[in-house]
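Asks: Chains as they are written, first to last, in the working numbering: chain D, 1 to 151; chain H, 1 to 164.
Hints are computed from structural coordinates only; laboratory data are not their basis. Just so you know, not all the hints are guaranteed correct.
Stated by the list, open to error - Reference listing, derived: stretches of chain H covered by chain D, where coverage requires no fewer than 3 residues with Cβ under 8 Å from a Cβ of chain D:
no. : segment
1   : 22-30
2   : 36-46
3   : 115-126
4   : 135-144
Said to hold, decoys possible - A few chain H residues that don't get close to chain D, going by computed Cβ distances all over 12 Å:
no. : residue
5   : Glu12
6   : Phe64
7   : Ile67
8   : Gly77
9   : Glu130
10  : Val132
Quick reminder that beta carbons are idealized off the backbone N, C-alpha and C, glycines included.
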Amino acid sequence: MRLKERRKGLAEAKPEMTPMIDMTFQLIAFFMVIVNFSEAESNEAIKLPSSQLAKPPEGEIESLVVLQLTKKKNPTVFFGGRELQIGQLKSQLWLKRRNIEAGGKAVRDATVVIRADRYAKTAVVQEVIKICQEVEFVKFALRAKQGQRDT
Amino acid sequence: MRVRNIQRHGDEEIELQMTSMIDVVFLLLIFFILTFKIVTPEGDFNVKMPLAAPSEGKPEENQFPPIVIHLKAGPSGVLTSIATNEKKLKDFQELHNFLLDIVNDNGGPGSPGAEATEVELDCSPDLHFEYVIDAITAVSGFVSEEDGKIKTMIEKIKFSPPRG
């Protein structure tokens with residue numbers, strides 16, 4: 001391999017940095033705009049079912065309660081950053097309800113978003129809904145991925 | 001704000017030190033590239049389900065009984081059969097067509113008759129949740145071939161009380 005030698009006496013070659021910096025800034029701006037912080041509520045362990053009719057929520061939903069159901073044999077729920085057994089959920093939901101009411105909002109206006117794994121058992125989903133109903137939550141949103149169903 | 005005065009002494013040119021800035025810029029770029037993740041959009045099926053309370057007085061005159069859809073599953077949670085009280089159905093497309101006929105008889109999608117139509121899902125306990133979403137998709141509407149918009153069919157969906 002031949003290495004280039006610097007020739008003395010000749011003018012030093014300067015790389016033109018301006019277009020590269022322009023492009024780099026554009027890339028940074030692109031990634032900054034596209035970065036999604038709302039992903040905090042999603043969970044890698046949950047694989048959502050797909051549906052072409054799943055509508056993205058219109059506007060901002062008031063008092064959101066996100067419950068994420070796993071497909072484990074002994075099913076668990078991710079709620080408020082903690083993994084809970086189904087039996088522990090009710091007390092946590094009561095705490096949430098008190099928080100909502102302390103904020104001057106009604107529990108009947110709060111929406112419970114259920115992000116259940118596609119292989120979660122329906123009986124578990126129904127049990128979670130029943131627990132929410134006992135804490136007087138009324139509005140539910142069953143979450144799905146937008147798109148055709150994977151076979 | 002103080003503005004720095006750039007003074008030129010004779011022909012001496014002041015050069016900006018770009019190296020450190022480029023370092024930082026590249027670090028930022030690498031950070032954003034590494035944290036970048038393609039997220040598929042998610043959507044909701046809104047269901048209103050108050051805890052069943054004993055009803056008082058006479059039931060509403062216009063209230064029809066809900067159309068019950070039975071979804072049965074094998075021990076592994078895979079769907080084995082779809083049926084209504086009237087007939088057995090082959091797949092979710094057939095279920096969709098069956099309900100569309102009922103909705104059209106009640107005045108078509110969006111009519112008061114269609115809005116009053118209610119569906120009750122009776123699912124096996126082991127059934128995988130994805131089949132419930134398939135059933136809700138078949139029940140709740142369809143994507144119009146004309147304009148690609150979602151046409152609502154039946155919005156009132158509820159679950160039967162869990163079995164056993």
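Asks: Does each hint hold? Answer for all of them.
Replies: Evaluation of the provided hints:
no. : hint    : verdict
1   : 22-30   : holds (count 5)
2   : 36-46   : holds (count 10)
3   : 115-126 : holds (count 4)
4   : 135-144 : holds (count 6)
5   : Glu12   : holds (17 Å)
6   : Phe64   : holds (22 Å)
7   : Ile67   : holds (18 Å)
8   : Gly77   : violated (7 Å)
9   : Glu130  : violated (4 Å)
10  : Val132  : violated (5 Å)
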